[in-house]
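Per UniProt numbering, residue 1 is the first one in the sequence shown, and the count goes up by one each step.
One or more hints might be untrue.
Said to hold, decoys possible - Restraint ranges, calculated between C-beta atoms of paired labels, are given here:
1. Gly-71 x Ala-103: 15 to 25 Å
2. Ala-103 x Gly-60: 29 to 39 Å
3. Ala-40 x Ala-11: 30 to 40 Å
4. Ala-58 x Phe-3: 29 to 39 Å
5. Met-1 x Ala-58: 30 to 40 Å
6. Asp-37 x Glu-90: 16 to 26 Å
7. Met-1 x Glu-56: 31 to 41 Å
8. Arg-81 x Asp-59: 26 to 36 Å
9. Gly-71 x Met-1: 13 to 23 Å
10. Pro-78 x Thr-2: 29 to 39 Å
11. Pro-101 x Pro-70: 13 to 23 Å
12. Glu-35 x Asp-8: 12 to 22 Å
None of these hints come from the bench; they were simulated from the model. Keep in mind the model is a prediction, meaning the values are calculated, not measured. For each residue, glycine too, the CB sits at the ideal point set by N, CA and C.
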Amino acid sequence: MTFRFDDDALAGVLRHMNGDHTGDNLLIARAFAPEADLVAATMTGFDGDGGDWAAETADGGTIVVRVPWPGGPIDERPQVRREVVAVYDEACRRLGVEPRPHA
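Start from the sequences and build out the full structure, keeping to the hints where you can.
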């Protein structure tokens, strides 16, 4: 059964990702979406199995991009950061972008 995070965890992570990492959201969506012509992306949710992004296409459409956590299922809030960083690193690898260092 998929682990569901509480509303506070969801709100905190989404606020951080959509406030501080808008470029990373787009990078992730471009790396994992079948469409390559994406112009914007927002993280819309996550659970124990992966994260969800809504990505806007160049023609004004929207697609949902579901990315499973690279390390497998999680069930604790601190694990979310680790997995989002791993998704970001994999997105960089797929797109040939040098990832920035992680603090």
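Those earlier numbered hints the structure runs against, lowest number first: 3, 10 and 12
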